[in-house]
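As they're listed, the protein sequences go chains A and B. So for the first sequence, our numbering puts the first residue at 1; every next one is plus one. So for the second sequence, our numbering puts the first residue at 1; every next one is plus one.
Some hints here could point you the wrong way.
[Claimed, not checked] Label-pair restraints from in silico Cβ distances:
| # | chain 1 | residue 1 | chain 2 | residue 2 | range |
| --- | --- | --- | --- | --- | --- |
| 1 | A | 69 | B | 95 | 19 to 29 Å |
| 2 | B | 59 | A | 7 | 16 to 26 Å |
| 3 | B | 67 | A | 70 | 42 to 52 Å |
| 4 | B | 71 | A | 26 | 12 to 22 Å |
It should be emphasised that the hints constitute simulated quantities derived from the structure, not laboratory data. Where is the CB? At the ideal position from N, CA and C, for every residue including glycine.
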Amino acid sequence: AQSVAQPEDQVNVAEGNPLTVKCTYSVSGNPYLFWYVQYPNRGLQFLLKYITGDNLVKGSYGFEAEFNKSQTSFHLKKPSALVSDSALYFCAGSPPMDSNYQLIWGAGTKLIIKP
Amino acid sequence: DSGVTQTPKHLITATGQRVTLRCSPRSGDLSVYWYQQSLDQGLQFLIQYYNGEERAKGNILERFSAQQFPDLHSELNLSSLELGDSALYFCASSVGNSIAATQYFGPGTRLTVL
Chain A
1 AQSVAQPEDQ VNVAEGNPLT VKCTYSVSGN PYLFWYVQYP NRGLQFLLKY
51 ITGDNLVKGS YGFEAEFNKS QTSFHLKKPS ALVSDSALYF CAGSPPMDSN
101 YQLIWGAGTK LIIKP
Chain B
1 DSGVTQTPKH LITATGQRVT LRCSPRSGDL SVYWYQQSLD QGLQFLIQYY
51 NGEERAKGNI LERFSAQQFP DLHSELNLSS LELGDSALYF CASSVGNSIA
101 ATQYFGPGTR LTVL
């Protein structure tokens, strides 16, 4: 079965330090991959996506992610964390020609940035 | 603000009742998606409509149904409600029906079943 995994339920980072939120996938072909963020009591907001091309994708709010085919990963990164980055982060993916037309979602990672 | 609107924001009802959740997509978007987010099951895809037609079906219960109207707004109907249906229900929209299209999410409807 195809899947997207976020191996960490929670990540704690000190403000100003670099942050990484991990995502691995088991999806056929060259997958489409997405990162979304959810702030408390809000809907999900799109951060970035990989469809094709450059493996390093830059997104909103200074976030970036690198598509690594050999490691089947799409980790989200930011060089310097802000307290306001504290939120729930979701990774999602899909095979490029998925007949079900639906994304496969990770379980989410809670990111806590401490001042 | 994503441009996707959902009403109502909160809904409290009793077991066995029926409710309707409403979603208006972003201007120009033809696809509407419905998701359920509960504490123990994360984000679950329910159903997608594209330009009025059902496009994809996920883990949607038979007690739930949805439709997309000619003006592209969508409604999710939940009937014979159970305590376990208490959750956040999100609507998202995208411009096309490609899986590569970015989905933009509404603020959600919080359903509480007592």
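Hints, verified against the model:
1. Range check, residue 69 of chain A to residue 95 of chain B: Cβ separation about 28 Å, and the 19 to 29 Å hint holds.
2. Here the CB-CB span from residue 59 of chain B to residue 7 of chain A is close to 23 Å, well matched to the stated 16 to 26 Å.
3. Residue 67 of chain B and residue 70 of chain A have their C-beta atoms about 44 Å apart, which keeps the hinted 42 to 52 Å range intact.
4. As the Cβ distance of residue 71 of chain B to residue 26 of chain A is approximately 40 Å, the hint placing it in 12 to 22 Å is violated.
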